[in-house]
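> Protein chains in written order, with this note's numbering: chain F, 41 to 134; chain X, 350 to 1334.
Treat the hints with care, since some could be wrong.
With a cut-off of at most 25 Å between alpha-carbon atoms, the simulated SDA-like pairs for lysine to any residue come out as follows [to be verified]:
1. F:K66 x X:W1073
2. X:K511 x X:P611
3. X:K770 x F:R52
4. X:K628 x F:K128
5. X:K1293 x X:K1318
6. X:K881 x X:K1267
7. F:K128 x X:G1009
8. F:K131 x X:K1267
9. X:K1267 x X:R1311
10. F:K117 x X:G820
11. X:K824 x X:M1216
12. X:K1069 x F:C46
13. F:K92 x X:L1085
14. X:K770 x F:R102
To spell it out: a stretch of chain X is covered by chain F in this simulated footprint if at least three of its residues, at any positions, have a beta carbon under 8 Å from a beta carbon of chain F; those stretches are [claimed, not checked]:
15. 649-659
16. 1075-1088
It is worth saying that the hints were derived from the structure and are not from the lab. Because the structure is a prediction, the values reported are computed rather than measured. For glycine and all other residues, C-beta sits at the position ideal for the given N, C-alpha and C.
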Amino acid sequence: MIRIKCPYCGERDHSEFTYGGDASIKYPALDAPASEWTKAIFFRENIRGMQKETWHHTNGCRLWLEVERSTITHEIKSVKACHPQIEKITKNKS
Amino acid sequence: MTSLRKENYGKINREKVLGFSWDNKEYFGYEGDSLASALLANDVRIVGRSFKYHRPRGVMSCGVEESGALVTVGSGSRRDPNVRATTQELYSGLNASGQNAFPNVNFDFGGVNNYLSRFFAAGFYYKTFMGLPPFEWGKGTGIWMVFEKIIRKAAGMGKASKEPDPDSYEHANDFCDVLVIGSGPAGIAAAQEIANNKLDVILIEQDSLLGGNSLSQKDFDPYLLNTQLKSSGIRVMPRTTAFGIYDNTVVGALERVTDHLPTPHSSLPRQRFWTIRAKHIIVASGALERHIAFNNNDLPGAMTVNASKHYLNRYGVLTGNNIVISTNNDSVYQTAKELHEAGSKVTILDSRDNVNHDLSKDIDLHLNTLPFSINGRKKIDGIDVCKTTDLSNKNTIICDQVLMSGGWSPIVNLVSHRGIKPTWNQENLCFIPGQIKENISVVGSAKGIWDEKNCIESGFVGANEAMNTFGMHKKEISFPSVGGWSNPIEPLFEVKSNKFPSKSFVDFQHDVTAEDVRLAHREGFISVEHLKRYTTLGMANDQGKMGNIIGLSLMAEQLDKTIPQVGTTVFRPPYTPVPIGALTGRNVGKHFRPLRVTPMHQWNIDHGAKMIEVGLYQRPWYYPKKNETLSDSYIRETTIVRKTVGICDVTSLGKIAIQGPDATELVNRIYTNPFAKLPIGKARYGIMLRDDGIVMDDGTSWRLGENEYFMTTSTAAAAKVMSWLEELLQTRWTDLKVNVTSVSEQWAGAAIAGPKSRDVLNECVFDASEITNDNLPFMGVLQTKLKDGTPCRVVRISFSGELAYEMYIESDYAHGMMDLLWESAQKYDGCLYGLEALGALRVEKGHVTAAELDGRVTIDDAGLGKMASTKKSYIGSAMRKRGVLSADDRDMLVGFFPINEKETFNAGTIVCEKNNIKGQGVGRITSVTHSPELGHWIGIGFVKGGLEKWKDITLIGADPVRNKQMEIKVVSPHMIDPEGKRMYA
Ligand SMILES: [Zn+2]
């Protein structure tokens, strides 16, 4: 079972979280052309190895987290809040 | 052969006699017996019939690897098939029977299969049902359907009960520093050392008694050990199997809480399904003794050597009087000695040419000798043996039991769950665990260490590794080396028989013989994984614990390769079977999933509502008057709403409070239509798209203040929309100063719909003048209070197409609000209406819900294209017209009428052109209802190209599931009051 160290709640089972997706995607501006959006939405890497991904602590503090996880071993290298200000606060806390 | 219960042997309690029944006969055993030991003590030798050939089988081991004594325990709803008699503890009144036999295991008609066995060789199913040459008679699935039933009946295991399981099961969770799996000498040493260092230790043991293989020692006292461990603070969990190791050193375990008790306990679950999160795991799971493949190696009385030592010293049962032991390794000599001391005549066949052992003169030792074939039919009469150098020259030894030891296989299963490939150790002829990078240590014979002293030493080294995980001082010690026999083991996997077909069993449970493995090779199945599937070797409920290595060695021989070159099969959880009941836990029946009720749930029921599940929610379905059917009721409710007024619980809609200086910006970015200029005190219906331009959800947002909105979502998408807004704000638009809070549970809501709804509201609110058409126009929002002063929110909004409002109140006041509304509505001959009427009203208006917005539909498909702003950008705006999404022949929202007004249709009906009724047709009907206003059935759904293309053309509504077809026509989805005059009234 994957266990994720939520910076706000502590280490919890993955069943408390919802998987988001690739955290490295930079979404285009809303008025960007369809070609840019197509790239962001449909042309994704299928990463073998360390991947930055988002997880939502749905049954917890509701923070969206950026998790560095190996897609081969499930090893988790780092976890931080996606929102930069929240990240600062939770970092100081821990 | 009669076996003896030996005085002064065993760890059973002879004070406590237990009566039990086997195949409807009464027997006695003792407390501490397993079902297998009690059967052996009673000289019950045939306890099962084999899978394909129905050969008689007896007890073959003393543990979880058992392949002979698979029995059915219990009856009725508690009938449990395929129970290993070797691990089933005996209790008073236990009722067990043999399986896969008719009329019983002693005399089984299915035994005829034994003589037809050449038809049942590997790949039998595949070949037979490809057709029988030369005429290819019976080719295809038709004949398979006929024969499958007969074959399945003949080949198989026990039968599960078809009644609901009366027992309860629990899910339980725990945490610890170090989890030790297995309580043999290595596990005990590790657990004690770690506990001495003040770490929190859980020790798991699948057996009821601690000790592992020490239980086969005469002077070992498991009860004393248990006391010692507990006093060192170790949390001991007996009768618990660690069936799998998962990521992050999490272990799944099954605890058999009451399987050893005569009657189900009123307050205890039958089993507990544990999830244990450890920081370090020590695997001390031991090793299993292998058998040897040779002719008739499965006759009742054939057993592994170490098992007989267990039966003697743990259960006080001497399994044979005249025993032949066949081996290729040193592990059997101690057993031979003890069996001899207990009174048996013992003969050892050792395949090696030179062994150095101090043996009593009364034990016959034949070196360079192989077992060739066991003689007998239902019991062993003797064994033909031969020299390793000359297989054709046979000698017969009279005996009543044959014990086999072809070497030992460390139980690498649990480590294999972590994707760690075992490595072949040629010196000891076994797989040992490979390099582990996680916080898992393997100790004892699970690591291939045979000697007890070294096993204990390895336990200390494992403990040391565990303590290192916690940053505690690490001593400079390393694991003792693998092995530990004074005379090296020599390969002995199979003794080839010249008989055809050979009955040298590799996998007893699935009746896979050595010849089957060779046949598979001849037919081209050279990968181990293919071999497994073709022969079914290793696919029975022991999952190859006994036969895998022998199968590999045979394959290696055929391919002229070594065993590691041939490979190993990957083990997956569970190590031993886990009942579905335990996996399910308490999530059965009503508790299958959570139940959500609205704050007026009881009020609805008190007022006669029949409820229906919508997602997790219980919602009012209809409110029948005396004798009314669902259909009568919703048609009446729909009619009354259009005529006077109706009240409906709409609490299940999602509700989100959006607050902050950038609230308007957020709302404007996520909806397709403009929200930037929505005045305070007004609401707007909005559509949200996904990034890819498909519709996500629809709902309303009300502007309560400069920086505050109240958003409603559909019931189905409430959670999804909330997570979506959080994702946008936390990951993409982190500069927006806005906060979203789910308030779905905080607000109760009711719809008040119908021409008299304003009159009803007037009577309920504190100040009736607020509700006028001028003060509260269509889409107006009011924060006001009820007659009794309770604050509430009112919005003039319509799902039914009538003059209508929704009123929201803090959940705790829901009953009061409903009382007020209902008291007033009754004065206007109003009604309460449920989901069915709500659906009818919206279908008449062509309003979409989740049935239409199914993740394939664009805003244009839904006929709501005019709600897509061209003046602003929003989520999905860039993509909503991409490629196929702007094609001309997309499925567009339309209404459907039956041509014959008396006909009805169902949601799911496929819309086809006349004379071309096939496939997916040209469209689909998604929602249907009887329309009281129109007087016939109507539907909405989608058709390629939309209304313009199909207007005035008769189409066919095909319902192949119900074998129904009717003529239909396409109409506008807005079937009633298309100008919307009523809701603006
Ligand atoms: Zn959290």
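> Would you mind marking each hint as holding or not holding in the structure?
How the hints compare with the structure:
{"no.": "1", "hint": "F:K66 x X:W1073", "in the structure": "holds (16 Å)"}
{"no.": "2", "hint": "X:K511 x X:P611", "in the structure": "holds (22 Å)"}
{"no.": "3", "hint": "X:K770 x F:R52", "in the structure": "violated (29 Å)"}
{"no.": "4", "hint": "X:K628 x F:K128", "in the structure": "violated (28 Å)"}
{"no.": "5", "hint": "X:K1293 x X:K1318", "in the structure": "holds (14 Å)"}
{"no.": "6", "hint": "X:K881 x X:K1267", "in the structure": "violated (42 Å)"}
{"no.": "7", "hint": "F:K128 x X:G1009", "in the structure": "holds (21 Å)"}
{"no.": "8", "hint": "F:K131 x X:K1267", "in the structure": "violated (61 Å)"}
{"no.": "9", "hint": "X:K1267 x X:R1311", "in the structure": "holds (15 Å)"}
{"no.": "10", "hint": "F:K117 x X:G820", "in the structure": "holds (19 Å)"}
{"no.": "11", "hint": "X:K824 x X:M1216", "in the structure": "violated (73 Å)"}
{"no.": "12", "hint": "X:K1069 x F:C46", "in the structure": "holds (21 Å)"}
{"no.": "13", "hint": "F:K92 x X:L1085", "in the structure": "holds (24 Å)"}
{"no.": "14", "hint": "X:K770 x F:R102", "in the structure": "violated (39 Å)"}
{"no.": "15", "hint": "649-659", "in the structure": "violated (count 0)"}
{"no.": "16", "hint": "1075-1088", "in the structure": "holds (count 7)"}
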